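> Take the sequences, apply the hints, and build the full model.
Listed below are the residues making up each chain.
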Amino acid sequence: MANVALIGAGGVSRLHVAAWLKADGARVVGVSDLVPELAQKAAGELGSERWTTDYRELLDWADVDAVDVCTTENTHGQIASEAAARGKHILVEKPIATTLADADRIIDAANASGVKLMVAQTHRFYDYSRSARDAIDSGEIGTPVYVRLCTGGGFWNQDWTGKRISPGDTGGNVVTNGVHLADTLNFWLGSRPVSVYAQARNVTSAHLQMDDYFMFTIRYESGAIGVCELSRANVPRSNSFESTTILGTGGELNTGTQHSSRWTHGDGGLAFGEPEIQQGFDAEIQAFVDCLAEGRTPPVSGEDGRLALEVCLAAGRSIESGEVVLLGEGG
Amino acid sequence: MAIEKIGVAIVSLSGQQNSYAQALYDNPRVQIVAVTDDDPPAADEQVNRRWAEEHGAPFVPDLNDVLSRDDVQAVSLCSAIDRRVAVVRKVAAAGKHILGDKPLTETLADGDAIIDAVDRAGVKMMVGHNFRFNPAILDARESLKRGDVGLPWAIHSEWVIAAGARAAAIGELRNHAMYPLDAVLYLVPEKVRSVYAITGSYFFDNAKQSGVEDMAFITMEMDRGIIATTSLGRTPVQHTNGYGGDQTIRVMGTHGMLFLDANRPSWTAHGRSGTTNLTYGPVQMSSMVEHFVSCILEDRTPMCSPRDARDALEITLAALQSSRENRVVKLPLPA
Numbered sequence: 020m021a022n023v024a025l026i027g028a029g030g031v032s033r034l035h036v037a038a039w040l041k042a043d044g045a046r047v048v049g050v051s052d053l054v055p056e057l058a059q060k061a062a063g064e065l066g067s068e069r070w071t072t073d074y075r076e077l078l079d080w081a082d083v084d085a086v087d088v089c090t091t092e093n094t095h096g097q098i099a100s101e102a103a104a105r106g107k108h109i110l111v112e113k114p115i116a117t118t119l120a121d122a123d124r125i126i127d128a129a130n131a132s133g134v135k136l137m138v139a140q141t142h143r144f145y146d147y148s149r150s151a152r153d154a155i156d157s158g159e160i161g162t163p164v165y166v167r168l169c170t171g172g173g174f175w176n177q178d179w180t181g182k183r184i185s186p187g188d189t190g191g192n193v194v195t196n197g198v199h200l201a202d203t204l205n206f207w208l209g210s211r212p213v214s215v216y217a218q219a220r221n222v223t224s225a226h227l228q229m230d231d232y233f234m235f236t237i238r239y240e241s242g243a244i245g246v247c248e249l250s251r252a253n254v255p256r257s258n259s260f261e262s263t264t265i266l267g268t269g270g271e272l273n274t275g276t277q278h279s280s281r282w283t284h285g286d287g288g289l290a291f292g293e294p295e296i297q298q299g300f301d302a303e304i305q306a307f308v309d310c311l312a313e314g315r316t317p318p319v320s321g322e323d324g325r326l327a328l329e330v331c332l333a334a335g336r337s338i339e340s341g342e343v344v345l346l347g348e349g350g
Numbered sequence: 620m621a622i623e624k625i626g627v628a629i630v631s632l633s634g635q636q637n638s639y640a641q642a643l644y645d646n647p648r649v650q651i652v653a654v655t656d657d658d659p660p661a662a663d664e665q666v667n668r669r670w671a672e673e674h675g676a677p678f679v680p681d682l683n684d685v686l687s688r689d690d691v692q693a694v695s696l697c698s699a700i701d702r703r704v705a706v707v708r709k710v711a712a713a714g715k716h717i718l719g720d721k722p723l724t725e726t727l728a729d730g731d732a733i734i735d736a737v738d739r740a741g742v743k744m745m746v747g748h749n750f751r752f753n754p755a756i757l758d759a760r761e762s763l764k765r766g767d768v769g770l771p772w773a774i775h776s777e778w779v780i781a782a783g784a785r786a787a788a789i790g791e792l793r794n795h796a797m798y799p800l801d802a803v804l805y806l807v808p809e810k811v812r813s814v815y816a817i818t819g820s821y822f823f824d825n826a827k828q829s830g831v832e833d834m835a836f837i838t839m840e841m842d843r844g845i846i847a848t849t850s851l852g853r854t855p856v857q858h859t860n861g862y863g864g865d866q867t868i869r870v871m872g873t874h875g876m877l878f879l880d881a882n883r884p885s886w887t888a889h890g891r892s893g894t895t896n897l898t899y900g901p902v903q904m905s906s907m908v909e910h911f912v913s914c915i916l917e918d919r920t921p922m923c924s925p926r927d928a929r930d931a932l933e934i935t936l937a938a939l940q941s942s943r944e945n946r947v948v949k950l951p952l953p954a
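Residue numbers (our numbering), protein chains in the order written: chain Z, 20 to 350; chain P, 620 to 954.
Bear in mind the hints are in silico, worked out from the structure with no lab data behind them.
You may find that some hints are simply not true.
[To be verified] Here are some chain P residues pointing at chain Z (derived, C-beta under 10 Å):
1. Ile817
2. Gly852
3. Asp865
4. Thr867
5. Arg869
6. Thr920
7. Ser924
8. Asn945
Note that the structure is predicted; figures quoted are calculated from it, not measured.
Ideal Cβ placement from N, Cα and C applies to all residues, glycine included.
Structure follows, in structure tokens:
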């Protein structure tokens with residue numbers, strides 16, 4: 020039974036809490052959050068007696084084997100590298116960090132102390148993504164050479180008020196949400212990204228100085244094309260358009276023009292069924308726990324998380340410059 | 620009262636002529652008055668003669684003899700692309716209207732020469748971008764003009780054909796990109812300012828051997844910051860939905876989203892011969908020919924002009940260059 024401490028009890032950690040409660044082979048023994056009420060509430064839900072507002076105090080607890088870092092994106096570098104130095108295994112929310120320097124700091128610290136590091140790229144664990152990868156691995160469509168992943172809807176259904184809209188804290192939309200898409204493409208195509216070209220628009224969020232729509236094209240070492248698109252600018256807001264095509268040298272995987280199994284024409288217009296959000300978190304956290312129990316290498320490495328971040332940082336630079344950005348240049 | 624007809628000469632049965640000629644033959648306001656060619660190789664002449672016999676039209680070996688006749692108002696022109704400028708000049712100078720095959724030219728300079736020849740002669744010319752006449756695209760244009768989705772700020776198109784054992788010898792971009800590009804420019808009539816593309820030879824041996832692409836993804840930036848993309852290619856595997864591929868367009872607007880599927884309306888038939896898609900309703904090739912005929916009879920300017928063909932070619936050439944050099948290519952290209 021692994022003992023886990025949850026660092027950060029707001030935002031996405033709500034989904035982690037639900038997953039930890041179901042996890043087989045681990046329990047949460049402590050929670051920290053800067054907001055005492057959040058730490059206390061999560062600790063209560065998880066059946067943990069201990070909570071604190073200082074994560075360093077939690078790292079002192081000798082019975083903690085692993086930490087789950089769900090804090091604001093730009094704090095991952097500091098917190099996760101400290102946890103590694105204290106010998107704790109690490110599950111860190113995506114993006115691994117908001118800079119490559121911070122990502123390296125985490126990876127280096129984990130390597131130095133020999134702890135396991137997994138980046139919570141949840142989309143690797145969703146059924147849609149896993150089943151596509153399984154189909155690719157089965158050889159059914161030959162070698163994948165082209166992926167077009169379109170996802171999106173109207174304005175966020177998450178809290179983007181307060182600091183959530185600050186690029187300095189989150190890395191901005193292209194980083195914090197883009198890593199899902201970049202990592203999924205990397206996961207499916209199994210090749211190394213070479214360059215990125217991106218476009219972004221501020222369509223419905225004129226007052227927020229943020230792009231609510233972006234798309235980018237990745238050229239892969241294998242010659243494959245990766246295209247992804249994330250819109251939070253659809254009008255009406257209920258229009259969550261989803262469509263994915265994977266072309267292989269011997270076939271095709273295609274969702275058609277809509278992933279959703281349900282759509283409703285109501286007085287509010289056309290609405291699509293929401294994807295099951297919790298499932299990916301449950302699978303991801305169980306995978307982490309299993310790696311701890313069996314001493315295996317986690318399925319999403321620090322390098323995987325860093326690569327997704329690198330793609331998205333390059334996309335951000337491409338949006339600024341209007342040019343193609345080669346990976347491995349700058350940082 | 621007899622309906623007014625135009626006399627049309629079929630020039631060369633190569634390229635897409637079989638489709639054009641059949642649609643012309645089937646049009647009640649068209650009389651096929653001659654089948655001819657411009658200096659054809661012997662094999663072509665056999666094909667020309669056979670079609671003429673099968674359709675009860677006179678075969679006339681020499682194009683010059685056809686162009687001097689008063690009963691020829693228009694020609695359907697599919698002679699080889701490297702002879703096209705010369706033939707268009709000759710036909711236009713004779714005062715005949717022209718339906719020209721796609722791709723219209725290989726180079727922008729040839730495109731300019733054709734535009735110049737047609738303008739000087741004052742004849743009408745339409746290029747066979749028949750995809751624009753798909754009922755879904757014509758309907759979408761009206762919807763966008765009505766403001767159904769507000770102002771478009773992005774347009775995403777897919778034009779992937781799932782058929783055949785070979786990629787086009789000239790590459791699928793030169794072969795087919797004019798269809799979605801022409802439709803994109805028709806639906807969102809803004810100038811393209813920059814082009815980025817990745818192409819690959821993934822599926823067909825002949826594409827790999829000759830280094831031409833069978834798949835491409837193009838991102839364009841238009842005036843007013845509008846994003847336009849096109850997936851373009853050919854895949855060897857029969858589509859599971861029975862379609863001949865995916866031909867879709869999605870327009871993102873300030874007040875809504877428009878999605879069109881050019882393979883609908885249709886029945887999906889699961890039958891003894893497998894799964895096939897049975898489209899019904901107006902046929903784009905017939906609609907295109909009807910438009911051409913109407914424009915001649917009513918003295919209007921046809922859509923899909925040589926300028927439109929040049930615009931699509933310019934984006935295509937920019938896309939090929941962009942993929943070779945892995946950089947964004949700005950338009951206009953030098954002619």
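> Looking back at the numbered hints, which does the structure fail to meet, lowest number first?
6 and 7
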